[in-house]
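Asker: Chain residues, written in single-letter form:
Protein chains: 4
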Amino acid sequence: MTIRIFVTGGTFDKEYNEIIGELYFRDTHVGEMLSLGRSLVDTKVTTLMMVDSLRMTEADRQKIISSCKAASEERILITHGTDTMDITARELGEAKLPKVVVLTGAAVPYKFGSSDGMFNLGSALAFVQMLPHGVYIAMNGRCFSWDNVRKNRAKGVFEEL
Amino acid sequence: MTIRIFVTGGTFDKEYNEIIGELYFRDTHVGEMLSLGRSLVDTKVTTLMMVDSLRMTEADRQKIISSCKAASEERILITHGTDTMDITARELGEAKLPKVVVLTGAAVPYKFGSSDGMFNLGSALAFVQMLPHGVYIAMNGRCFSWDNVRKNRAKGVFEEL
Amino acid sequence: MTIRIFVTGGTFDKEYNEIIGELYFRDTHVGEMLSLGRSLVDTKVTTLMMVDSLRMTEADRQKIISSCKAASEERILITHGTDTMDITARELGEAKLPKVVVLTGAAVPYKFGSSDGMFNLGSALAFVQMLPHGVYIAMNGRCFSWDNVRKNRAKGVFEEL
Amino acid sequence: MTIRIFVTGGTFDKEYNEIIGELYFRDTHVGEMLSLGRSLVDTKVTTLMMVDSLRMTEADRQKIISSCKAASEERILITHGTDTMDITARELGEAKLPKVVVLTGAAVPYKFGSSDGMFNLGSALAFVQMLPHGVYIAMNGRCFSWDNVRKNRAKGVFEEL
Chain A
1 MTIRIFVTGG TFDKEYNEII GELYFRDTHV GEMLSLGRSL VDTKVTTLMM VDSLRMTEAD
61 RQKIISSCKA ASEERILITH GTDTMDITAR ELGEAKLPKV VVLTGAAVPY KFGSSDGMFN
121 LGSALAFVQM LPHGVYIAMN GRCFSWDNVR KNRAKGVFEE L
Chain B
162 MTIRIFVTGG TFDKEYNEII GELYFRDTHV GEMLSLGRSL VDTKVTTLMM VDSLRMTEAD
222 RQKIISSCKA ASEERILITH GTDTMDITAR ELGEAKLPKV VVLTGAAVPY KFGSSDGMFN
282 LGSALAFVQM LPHGVYIAMN GRCFSWDNVR KNRAKGVFEE L
Chain C
323 MTIRIFVTGG TFDKEYNEII GELYFRDTHV GEMLSLGRSL VDTKVTTLMM VDSLRMTEAD
383 RQKIISSCKA ASEERILITH GTDTMDITAR ELGEAKLPKV VVLTGAAVPY KFGSSDGMFN
443 LGSALAFVQM LPHGVYIAMN GRCFSWDNVR KNRAKGVFEE L
Chain D
484 MTIRIFVTGG TFDKEYNEII GELYFRDTHV GEMLSLGRSL VDTKVTTLMM VDSLRMTEAD
544 RQKIISSCKA ASEERILITH GTDTMDITAR ELGEAKLPKV VVLTGAAVPY KFGSSDGMFN
604 LGSALAFVQM LPHGVYIAMN GRCFSWDNVR KNRAKGVFEE L
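From first to last, the protein sequence lines stand for chains A, B, C and D. The first sequence runs contiguously to residue 161 in our numbering. The second sequence runs contiguously to residue 322 in our numbering. The third sequence runs contiguously to residue 483 in our numbering. The fourth sequence runs contiguously to residue 644 in our numbering.
Errors might be hidden in some of the hints.
[Unchecked claim] Taking lysine to any residue pairs in the SDA-like style, the calculated list, with each CA pair at most 20 Å apart, reads: (1) D:Lys579 / D:Met613; (2) B:Lys230 / B:Asp244; (3) B:Lys312 / A:Leu40; (4) C:Lys433 / A:Ile19; (5) A:Lys155 / B:Lys312; (6) B:Lys272 / D:Lys579; (7) A:Lys151 / A:Asp86; (8) A:Lys111 / D:Lys594; (9) B:Lys316 / A:Leu48; (10) C:Lys477 / A:Glu18.
[Said to hold, decoys possible] Partner residues are not named here, just some residues of chain D that face chain C (Cβ under 7 Å, in silico): (11) Phe508; (12) Val524; (13) Val528; (14) Ala590; (15) Asp599; (16) Gly605; (17) Leu608; (18) Met613; (19) Pro615; (20) Gly617; (21) Gly624.
These aren't lab readings, by the way, just hints derived from the structure by calculation. C-beta: ideal position from N, C-alpha, C; glycine also.
Using the sequences and the hints, build the whole thing.
Answerer: What follows is the structure, given as structure tokens:
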């Protein structure tokens with residue numbers, strides 16, 4: 001069983017540009033994170049885009065959905081900015097694909113040392129191996145169905161509706 | 162649903178003693194790791210022992226089994242040194258408890274920065290929420306049943322028999 | 323011999339705000355960094371301000387100069403954003419105080435793991451103990467006199483004029 | 484002015500062997516640490532040996548002394564285990580070379596995240612650029628002459644006699 005991982009950007013992959021003193025995207029760290037986690041799960045990583053999810057367009061979301069549809073794998077993990085993760089999950093859920101799709105992300109960039117990214121990646125990879133067909137968000141160690149989840153922006157965590 | 166976490170030591174919790182230049186155990190880092198992972202899973206952490214699993218005795222294993230039996234929770238996560246994790250899993254499996262027990266550990270101490278511990282803790286916490294009754298080892302992003310797993314000592318990874 | 327350390331902010335002390343996904347200042351990490359470095363140098367840390375040096379005003383610089391003048395210590399270390407560190411150094415140099423003043427900073431925030439901050443703090447603390455009266459910038463392991471230094475913004479490093 | 488850096492091992496360069504769960508030496512991290520510190524000091528790094536300083540032999544010390552003698556550089560930095568750093572410093576001091584030699588080390592391995600190594604390397608590099616001929620130990624942000632220093636083993640710090 002191969003897990004397809006689609007990278008879309010988000011806090012997961014933000015880095016610090018020391019010339020201009022701002023956060024930016026370069027390449028994804030997901031491969032490095034899987035190595036660090038000594039993952040032996042059979043995965044294939046594809047970068048679809050590298051965007052802050054607040055700037056994700058409807059065209060971006062359509063690309064994510066069509067990529068999930070077109071993938072030969074049944075089980076798909078998507079790394080995604082947390083700010084609009086619930087919106088993308090909803091659109092994916094309504095597409096009713098015969099697949100298991102799990103979205104995850106991070107509150108703190110992986111490169112900033114104190115990241116929750118490794119923890120979330122580990123849990124998301126476990127959930128995507130176990131769950132039945134559907135679309136889910138794996139954050140804070142928990143797993144939510146796409147139709148019963150939102151980001152609590154004040155607290156920065158995910159919760160049921 | 163509350164997850165009981167039993168700490169037994171292992172690489173997970175090793176620290177560097179800078180006075181004598183050797184590795185040692187002090188307190189568990191599991192609580193700190195759950196905070197770092199922004200975990201919102203309802204967990205209760207209990208330290209049963211703090212030992213290198215190569216030095217784990219039969220009495221230690223009996224204590225682990227009786228603690229699992231006595232716990233009021235149905236779902237139990239055990240942090241454990243990897244060297245004899247498969248032995249403890251086997252004894253727990255043969256005890257046939259009506260519970261979900263997942264053992265996990267780390268190749269590199271959490272305090273040493275490049276740890277797989279956060280990744281494993283995330284995946285173990287996901288597996289323990291999802292799996293049916295049984296005893297499992299969650300390592301390398303994968304999940305093994307107690308009667309079909311061993312540590313490949315040359316490679317430092319877990320694999321099926 | 324006591325070294326006075328004046329904190330003014332800068333990249334040194336930037337943190338990641340995980341609610342809004344932006345960098346910000348909270349408290350200084352200089353005390354924590356000195357502990358981590360096992361420093362036994364007699365130091366007293368005072369926070370004068372917590373600003374990005376691009377936003378440092380002339381009033382801020384006057385406060386820094388008057389604080390250096392008023393300090394009872396002869397040897398003073400200033401943590402400062404790198405973008406305008408050379409400007410503050412020049413104003414301090416022209417004030418011709420009978421003191422040793424060393425400015426230092428960081429390209430990457432201390433909290434982001436891969437910081438040059440510990441290295442710069444170590445070298446600045448050494449330079450401030452050794453140098454004769456004057457105003458200096460300690461960056462990149464080197465020490466520059468205030469009247470012969472500028473930040474090369476394209477490369478993000480300090481160099482002689 | 485070029486600084487010669489002689490690597491002899493010590494805690495600085497210890498790594499964690501995840502197969503056997505013990506500390507060991509592989510390659511030096513000094514080059515990586517200089518890059519991380521964005522050092523622009525002109526340095527040449529040579530590994531003389533990779534040993535725990537408790538196991539350093541008299542032959543090892545003679546090799547260090549003769550290497551310092553033979554070096555074309557006037558300013559030399561030596562990374563060294565802290566346990567016998569004062570002994571090597573004494574032998575170097577008694578050799579009365581017309582050079583500046585600064586020894587430094589670390590309480591915690593660089594690879595273990597919370598290292599004082601970056602701080603010590605920064606301060607040692609500053610001291611070696613500034614000091615007159617002699618042999619010194621740079622630890623804890625301070626600088627000691629070879630004939631007035633010892634390691635306080637109970638506290639793990641360096642102090643005057």
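Asker: Taking the earlier hints as the rules, which of them does this structure contradict?
Answerer: 2, 5, 6, 9, 11, 13, 19, 20
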